Amino acid sequence: MDYYKLRIVKNRLMQFLVYLALFSALVPLFSILYEVVVKSFSAINIEFFIKPTPTVGEIGGGVANAIQGTLITIGFASLIGVPIGLMSGIFLSEYSESKLSISIRFLHDVLSGVPSIVIGVFAYALITRSIGFSVTAAAFALAVIMIPIVTRTTEEALKLVPMSIREAAIALGIPRWKTIITVVLSSAKRSIITGILLSIARIAGESAPVLVTMGFWRWWFAGLNRPVANLALNIFVFAMSPFENWITLAWGSAFVLILLILGISIATRVFTKGRC
Amino acid sequence: MKSLQKNPFIFSNLNNIKSISRLKNYFKGDDIFKLVNALFASSIFLLLGLMVYELIKGSWLSIQTFGLNFIVGTKWDPAVSKVFGALPLILGTLVTSTIALLIGIPISLGVGLALSEYLPKKIGFIVSFFVELLAAVPSVIYGLWGIFVLIPFLRHHVYPYLQIVFGFIPLFSGTIYGGGVLTGGIVLAIMIIPTVSAVMRDLFSIVPISQREAIIALGATKWETTKIVISYARSGVIGAVILGLGRAVGETMAITMVIGNKFQIWPSSLFDAWYTMAAIIANELLEATYDLYISALINIGLILLFVTLIINILARLIVWRTLKLTRGIARE
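Taken in order, these protein sequences are the chains called A and B. Be aware that the first sequence starts at 213, since it is given in the working numbering, and climbs by one per residue. Be aware that the second sequence starts at 165, since it is given in the working numbering, and climbs by one per residue.
Isolated chain A, as found in the complex:
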């Protein structure tokens, strides 16, 4: 009888521990969201969105140049990363009978495990050392981070398209390439766009590769061989600075960034009803 009681107690205890673990894992999320919203309250105003980074000692200022720079960097990175990821995803899903695809899939897994700082050092060694700290080097690094994500989500999205749809198109005499472009891709359009958006959300928050490839930049966009400002990197530089004004701006930037990233995550989740 005592042994029986022990088992019951143990069962209760473990149940308690499991829920305790779940609770302690979720506390940081809510704490981060709460602090970012509360602390950015004083930072967010119209000036915040239309003024560039203030100089040391200047009062006010904003992150307009960082928003511009982040958009340029993301756009440039997507121009490189999205086509490669998309084509790789099509290849992996539609030609999976090819022996090549096993090793390609494995290497994409490997690449997605490489730390972003190492990818930053790679872009630094390849591009920054020859043309200097520039948005080109940063965009390249971010594109490398993007490729495995886009590839994986595209592959998964295309695999969900029923085989019968492909067979129906082929039965009509449509060649395979046209089937893929007009029928398969268009029926998986939603999930593919979701994947691309998720990869954009990921690179928007990357600061380590941006730091080593273009560094902190306080001005507006000045050409592809010069650096641009970046929201995520601003947070790092502002947070480590001793100026009250900059620290406020760091919280404001964090708010904008979190709104962008969580917005994309939540929107895609609702959009695809969790299928992706």
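Simulated from the structure, these hints should not be mistaken for lab results. As the structure is a computational prediction, the values presented were derived from the model and not from experiment. Using N, Cα and C, we set each Cβ at its ideal position, and we do this for glycine too. Be aware that a few hints might be false.
Unchecked claim - Computed Cβ-Cβ distance ranges for the label pairs, DEER-style:
| id | chain 1 | residue 1 | chain 2 | residue 2 | range |
| --- | --- | --- | --- | --- | --- |
| 1 | B | E451 | A | L474 | 27 to 35 Å |
| 2 | B | I328 | A | Y216 | 38 to 46 Å |
| 3 | A | F483 | B | Q228 | 47 to 55 Å |
| 4 | A | S453 | B | I333 | 33 to 41 Å |
| 5 | B | V329 | A | S324 | 36 to 44 Å |
| 6 | A | K263 | B | F332 | 48 to 56 Å |
| 7 | A | K371 | B | L478 | 22 to 30 Å |
| 8 | A | L474 | B | I227 | 39 to 47 Å |
| 9 | A | S399 | B | Y341 | 52 to 60 Å |
| 10 | A | L474 | B | I477 | 42 to 50 Å |
| 11 | A | L474 | B | G237 | 40 to 48 Å |
| 12 | A | S315 | B | L335 | 28 to 36 Å |
| 13 | A | I258 | B | V329 | 22 to 30 Å |
| 14 | A | K263 | B | L335 | 45 to 53 Å |
Said to hold, decoys possible - Derived list of chain B stretches under chain A, where covered just means 3 residues or more per stretch with a C-beta under 8 Å from a C-beta of chain A:
| id | region |
| --- | --- |
| 15 | 204–216 |
| 16 | 460–472 |
Following the hints, put chain B in place on chain A, whose structure we already have.
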């Protein structure tokens, strides 16, 4: 896609039928399309090859100058003697990652179990969503939160009590700055929990329902059933742990912001500042002024690349094998 390949309409031997040479042109697009896709997909070989090549080329000067002494050297002096040794950084990375695993793995295990075993399916779905949001928060925001929220909290409400209780152990003595080794480990733990617990949830949820039914039929409690589930997915859980280690080792911004960035061979206590491999690259690569200095930093990047490659390949193989084995059995 096997069924497409066997489709007689596409893959019939068109060469023997001369009258339909027009059809051959019609299918030429297929070859071109496949080739273009294959070329783009193969760029991954070029990319990874180029990465390894560039990092080795960039660190060649450092490898030539220091050789193996780079890994066992304990001095980092860019200003005067220009000697670089990475041992303290390697130790710093290992220790903070170990702390992250010690804190993060039990919690991840609990979250994985809660999501797959304990919570009702609908609530589990919503909670899963929150856990995934946690994974989407950028590293630099964890760092910001670490500096202004976590560090003050730990310094005033946690560390003093830790010191009172465990102060007799040298690990917990010494001045409390707030930032430091333990804080770094805690932030890393928070960051690996979403990834590891998502993998664990997947592993537990594919354990066949018959396993649970069998043990429940023997009169087992919920926890005893759960133990069977864990032991069934055992090797996959080990894979998930290694995956978390890979993430912790490469994490940069958050740890740079909370660990204190102090180059020393061993910290005086868990509250002392230290340094990691990723953090020194982030802090010094921009300021490196001469070739040997840059080369030493790239050399650290090379070490980091190889460490994470080995960790990740190992973890993927284990997780992949477990998923495959379990699915195979479930199908029978």
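#### Entry: Range agreement (Cβ of I333(B) with Cβ of S453(A), hint 33 to 41 Å)
Distance hint for S453(A), I333(B) holds at roughly 36 Å.
### Query
Does 38 to 46 Å hold as the CB distance between I328(B) and Y216(A), or does it fail?
holds (40 Å)
### Query
Does 22 to 30 Å hold as the CB distance between K371(A) and L478(B), or does it fail?
holds (26 Å)
### Task
State, for the Cβ atoms of S315(A) and L335(B), whether the hinted interval 28 to 36 Å holds or is violated.
For L335(B) against S315(A), whose Cβ atoms are near 46 Å apart, the range 28 to 36 Å is violated.
#### Entry: Status of the given 52 to 60 Å range, CB of Y341(B) versus CB of S399(A)
With a Cβ separation near 57 Å, S399(A) and Y341(B) satisfy 52 to 60 Å, so the hint holds.
### Query
Taking 47 to 55 Å as the hint, is the beta-carbon distance of F483(A) and Q228(B) inside that range?
Distance hint for F483(A), Q228(B) holds at roughly 54 Å.
### Message
The hint says 22 to 30 Å between I258(A) and V329(B); measuring C-beta to C-beta, is that right?
### Response
violated (51 Å)
### Message
36 to 44 Å was suggested as the range; check whether the CB atoms of V329(B) and S324(A) agree with it.
### Response
holds (41 Å)
### Query
If you check the beta carbons of K263(A) and F332(B), does the distance land in 48 to 56 Å?
holds (55 Å)
### Message
Just to be sure I understand the hint, the distance between the Cβ atoms of L474(A) and G237(B) should be within 40 to 48 Å; is that true here?
### Response
Holds, since L474(A) and G237(B) (Cβ atoms, about 44 Å apart) stay within the stated range.
### Query
Given as covered by chain A, does the region 460–472 of chain B meet the bar of three residues or more with CB within less than 8 Å?
holds (count 6)
### Query
If you check the beta carbons of E451(B) and L474(A), does the distance land in 27 to 35 Å?
With a Cβ separation near 34 Å, E451(B) and L474(A) satisfy 27 to 35 Å, so the hint holds.
When each numbered hint is compared with the structure, violations occur for hints 10, 12 and 13.
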